[in-house]
Amino acid sequence: MSHVINVFISLQQTDLHCVSALEALRYSIGFTELTQLRRLRKISFMVDVDNKPGAIDCVKRCVNESFDLVNPNKETVYFDELPELPGTGWYGIQVTANEAPLRSVSSLSFASHPKIISAEQGLQWLLKIDSSDSSEQVMTKIDTFCGPTTSVNRGLLVNSLFETYLIQSIS
Amino acid sequence: MKKPKLIVLQFPGSNCEYETHRAASYYGFESRIVRWNSLDEIDDANAIILPGGFSYQDRVRSGAISSKLPILKKIIMKASSGVPVLGICNGCQILAEAGLIAGVNKGQVEIGMAPNTRDGRPVGFICDWKYLVVKNPKRSVFTQYYDENEVLPIPVNHGEGRFVVSKSVSNELINLASFRYSDHQGVESTSFPINHNGASYGLAAISNVDGNVMGMMPHPERAARLRQIPVSISGEWREKKRQLLSGGSDGVGPSEKLFVGMRDAARETQ
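Here the protein sequences line up with chains L and A, keeping their order. Reading the first sequence from the start, the letters are residues 1 to 171 in the working numbering. Reading the second sequence from the start, the letters are residues 1001 to 1270 in the working numbering.
No wet-lab data here; the hints were simulated from the structure. A few of these clues could be false.
[As the list claims (entries may be wrong)] Here are the simulated distance ranges between beta carbons:
no. : chain 1 : residue 1 : chain 2 : residue 2 : range
1   : A       : Met1077   : L       : Ser169    : 50 to 56 Å
2   : A       : Pro1193   : L       : Gly54     : 22 to 28 Å
3   : L       : Ser171    : A       : Arg1267   : 56 to 62 Å
4   : L       : Lys74     : A       : Glu1030   : 42 to 48 Å
[To be verified] Under 10 Å between C-beta atoms, here's a sample of chain L residues computed to sit facing chain A:
no. : residue
5   : Val49
6   : Ala97
7   : Thr150
Think of the CB as a built atom: it goes at the ideal place given N, C-alpha and C, for glycine as much as any other residue.
Can you make the complete structure from the sequences, with help from the hints?
This is how it looks when you write it as structure tokens:
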């Protein structure tokens, strides 16, 4: 039986992608309800192990033994869970490239881990929205203002011509 | 005759603005480099080039952050008034993210510049000399002096240069393509290694519907003079380069007609 284990990797320092994206979304696009933006690399491992804890252990061993998946000097890794987020109003956008992964995940890392069937890399954006609107309304706004780029005034975090995305309500 | 004014826009992270400025000056422009936040300085421009580089460190996606800058709204206005706008490499990525190419549905993003791939797998950054074949030369001011199917060698230097087009553009692609990747004899291909980045239709450059905006991934400013061409190149340019090495004088490069076409179009906006 196979399980999908998501690994989220965040920078320990200031992420300049987020600084620029937050400013563009707030000041160029005008989505001022967005107050914080975080970005994590996401690697989805498909593991051929009977139970989920065993699958997580397998992925942990793989990540910890490899040198090219995570840089522990500057990155923090979360296995099958997102980092703890302060307060409420957090939403997410998962982005995956249609054809090739955003960055290739080296097959060398998996050579000694035959139970890992595949690994696909993408991005997980976390957005804190300060709004009294319902969750559905906020997700619609995120789709319009932050999601797929359609013009100079709309969208930034996804290019739907070659990426797929999923908007999530997190907390 | 008064030289047309050309603005080479310098974004934070641009790295080809000086060679672009030199190439444009050589071909008769009154060229100057203007920073991305000098909004008023492009008002009198007769032509605009967005040069190559890594604007904003390619944050989010290449060209994505730059395409949201206030100056892009000014460039869109200038382009709609007929001013020729050329995006080279990162400039092409910015034009695509801003919806300036291909302009089938005005203002809409119709072209994506995706990471290079080979058979669906990533191939990373590619730096090489390639051959382009000219398509629809009369539809764009940049290619107006080329002949249909003329071949020119030109360098490429990018990691995200794969043209991906929306449905609205794919129907028009045969008409809007300005340059496609080919071999030195002009034989086109959509597969590796001729089409090194997996671009749709083997696209290297595409113009807008009006013919005054073009986004191209190869670098014409690095093929503006004969001395810039390597001896390893094939075709007629090899002979010209050999003559140069045998004591001949330096002359124009393969992208001469592109700059001259742009200059003559810019004169009409003076």
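These are the hints, each one checked on the structure:
{"no.": "1", "hint": "A:Met1077 to L:Ser169: 50 to 56 Å", "in the structure": "violated (39 Å)"}
{"no.": "2", "hint": "A:Pro1193 to L:Gly54: 22 to 28 Å", "in the structure": "violated (44 Å)"}
{"no.": "3", "hint": "L:Ser171 to A:Arg1267: 56 to 62 Å", "in the structure": "holds (60 Å)"}
{"no.": "4", "hint": "L:Lys74 to A:Glu1030: 42 to 48 Å", "in the structure": "holds (47 Å)"}
{"no.": "5", "hint": "Val49", "in the structure": "violated (27 Å)"}
{"no.": "6", "hint": "Ala97", "in the structure": "holds (7 Å)"}
{"no.": "7", "hint": "Thr150", "in the structure": "holds (5 Å)"}
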